[in-house]
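Model the full structure from these sequences, guided by the hints.
Just so you know, the sequences run in chain order A and B. In terms of the numbering used here, the first sequence opens at residue 1 and continues consecutively. In terms of the numbering used here, the second sequence opens at residue 1001 and continues consecutively.
Hints in this document: simulated from the structure, not taken from any laboratory. Be a bit skeptical, because a hint or two may be false.
To be verified - 30 Å max Cα-Cα, derived DSSO-like pairs, lysine-lysine: (1) A:K19 / A:K40; (2) A:K41 / A:K19; (3) A:K38 / A:K9; (4) A:K18 / A:K40; (5) B:K1036 / B:K1051; (6) B:K1036 / A:K40; (7) A:K53 / A:K38; (8) B:K1036 / A:K9; (9) A:K41 / B:K1059; (10) B:K1056 / A:K40; (11) A:K22 / A:K41; (12) A:K19 / A:K38; (13) A:K41 / B:K1036; (14) B:K1059 / B:K1036; (15) B:K1101 / A:K9; (16) B:K1101 / B:K1070; (17) A:K9 / A:K22; (18) A:K40 / B:K1101; (19) B:K1059 / A:K40; (20) A:K38 / A:K22; (21) A:K38 / B:K1036; (22) A:K9 / A:K40; (23) A:K22 / B:K1036; (24) A:K41 / B:K1070; (25) A:K41 / B:K1057; (26) B:K1101 / A:K41; (27) B:K1101 / A:K53; (28) B:K1051 / A:K41; (29) A:K53 / B:K1056; (30) B:K1101 / B:K1056; (31) B:K1057 / B:K1101; (32) B:K1036 / B:K1070; (33) A:K41 / B:K1056; (34) A:K40 / B:K1057; (35) A:K40 / B:K1070; (36) A:K38 / B:K1101; (37) B:K1051 / A:K22; (38) A:K38 / B:K1070.
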Amino acid sequence: DTEVTQTPKHLVMGMTNKKSLKCEQHMGHRAMYWYKQKAKKPPELMFVYSYEKLSINESVPSRFSPECPNSSLLNLHLHALQPEDSALYLCASSQDQFRADRDGYTFGSGTRLTVV
Amino acid sequence: GQQVMQIPQYQHVQEGEDFTTYCNSSTTLSNIQWYKQRPGGHPVFLIQLVKSGEVKKQKRLTFQFGEAKKNSSLHITATQTTDVGTYFCAGPPGYALNFGKGTSLLVTP
Chain A
1 DTEVTQTPKH
11 LVMGMTNKKS
21 LKCEQHMGHR
31 AMYWYKQKAK
41 KPPELMFVYS
51 YEKLSINESV
61 PSRFSPECPN
71 SSLLNLHLHA
81 LQPEDSALYL
91 CASSQDQFRA
101 DRDGYTFGSG
111 TRLTVV
Chain B
1001 GQQVMQIPQY
1011 QHVQEGEDFT
1021 TYCNSSTTLS
1031 NIQWYKQRPG
1041 GHPVFLIQLV
1051 KSGEVKKQKR
1061 LTFQFGEAKK
1071 NSSLHITATQ
1081 TTDVGTYFCA
1091 GPPGYALNFG
1101 KGTSLLVTP
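Okay, structure coming up:
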């Protein structure tokens, strides 16, 4: 299995809702990432998990809460989001956070989030 | 984090013409990766360059890493409509990929 699976593909939520984005990989990758991508912009790093531990938090607001239940799963819990948080949320994985990997990052197809 | 600058932002070519996008960093990169994102899609890994002066080819795509490891380029020969998308270079700042702004390629038949 050489895929990263993200669910749901689309999500519309109100500003008072709580929702979760899910990401799963079965490639044995030890690093997993959350990126946020606005239209016509590059992906922006949000969080990095390495060996199931939070390695990097790029000063992301607390209304975004990541979780790594095990080496294959990565969640992003959403609460009290703002309309400007509407974006494509991409999950990615790689063999190792620090080692140059000839296979690069494998991205999921993303969750397109709309906050109303 | 370390920034990689990418030019041009947009490129519109006729099918069959060549295309090049450039990526520059103010500091030495240990390696650089290239990704392609189709409209409505997600980034897909194309290649990684590690060695100074490295040149790699994938069919009509040629990737180069500068001698000083501060710049890189992607050249597409004889573009096809299937080449449409945004091409990103991405450099490691030490802990995770930082993407350049990307070059959006539009190919007119």
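Cross-check of the supplied hints:
{"no.": "1", "hint": "A:K19 / A:K40", "result": "holds, 25 Å"}
{"no.": "2", "hint": "A:K41 / A:K19", "result": "holds, 24 Å"}
{"no.": "3", "hint": "A:K38 / A:K9", "result": "holds, 16 Å"}
{"no.": "4", "hint": "A:K18 / A:K40", "result": "holds, 27 Å"}
{"no.": "5", "hint": "B:K1036 / B:K1051", "result": "holds, 21 Å"}
{"no.": "6", "hint": "B:K1036 / A:K40", "result": "holds, 13 Å"}
{"no.": "7", "hint": "A:K53 / A:K38", "result": "holds, 27 Å"}
{"no.": "8", "hint": "B:K1036 / A:K9", "result": "holds, 20 Å"}
{"no.": "9", "hint": "A:K41 / B:K1059", "result": "holds, 28 Å"}
{"no.": "10", "hint": "B:K1056 / A:K40", "result": "holds, 28 Å"}
{"no.": "11", "hint": "A:K22 / A:K41", "result": "holds, 23 Å"}
{"no.": "12", "hint": "A:K19 / A:K38", "result": "holds, 19 Å"}
{"no.": "13", "hint": "A:K41 / B:K1036", "result": "holds, 13 Å"}
{"no.": "14", "hint": "B:K1059 / B:K1036", "result": "holds, 15 Å"}
{"no.": "15", "hint": "B:K1101 / A:K9", "result": "holds, 24 Å"}
{"no.": "16", "hint": "B:K1101 / B:K1070", "result": "holds, 16 Å"}
{"no.": "17", "hint": "A:K9 / A:K22", "result": "holds, 10 Å"}
{"no.": "18", "hint": "A:K40 / B:K1101", "result": "holds, 9 Å"}
{"no.": "19", "hint": "B:K1059 / A:K40", "result": "holds, 27 Å"}
{"no.": "20", "hint": "A:K38 / A:K22", "result": "holds, 19 Å"}
{"no.": "21", "hint": "A:K38 / B:K1036", "result": "holds, 16 Å"}
{"no.": "22", "hint": "A:K9 / A:K40", "result": "holds, 19 Å"}
{"no.": "23", "hint": "A:K22 / B:K1036", "result": "holds, 23 Å"}
{"no.": "24", "hint": "A:K41 / B:K1070", "result": "holds, 22 Å"}
{"no.": "25", "hint": "A:K41 / B:K1057", "result": "holds, 27 Å"}
{"no.": "26", "hint": "B:K1101 / A:K41", "result": "holds, 6 Å"}
{"no.": "27", "hint": "B:K1101 / A:K53", "result": "holds, 29 Å"}
{"no.": "28", "hint": "B:K1051 / A:K41", "result": "holds, 29 Å"}
{"no.": "29", "hint": "A:K53 / B:K1056", "result": "violated, 35 Å"}
{"no.": "30", "hint": "B:K1101 / B:K1056", "result": "holds, 22 Å"}
{"no.": "31", "hint": "B:K1057 / B:K1101", "result": "holds, 23 Å"}
{"no.": "32", "hint": "B:K1036 / B:K1070", "result": "holds, 21 Å"}
{"no.": "33", "hint": "A:K41 / B:K1056", "result": "holds, 27 Å"}
{"no.": "34", "hint": "A:K40 / B:K1057", "result": "holds, 27 Å"}
{"no.": "35", "hint": "A:K40 / B:K1070", "result": "holds, 25 Å"}
{"no.": "36", "hint": "A:K38 / B:K1101", "result": "holds, 12 Å"}
{"no.": "37", "hint": "B:K1051 / A:K22", "result": "violated, 36 Å"}
{"no.": "38", "hint": "A:K38 / B:K1070", "result": "holds, 27 Å"}
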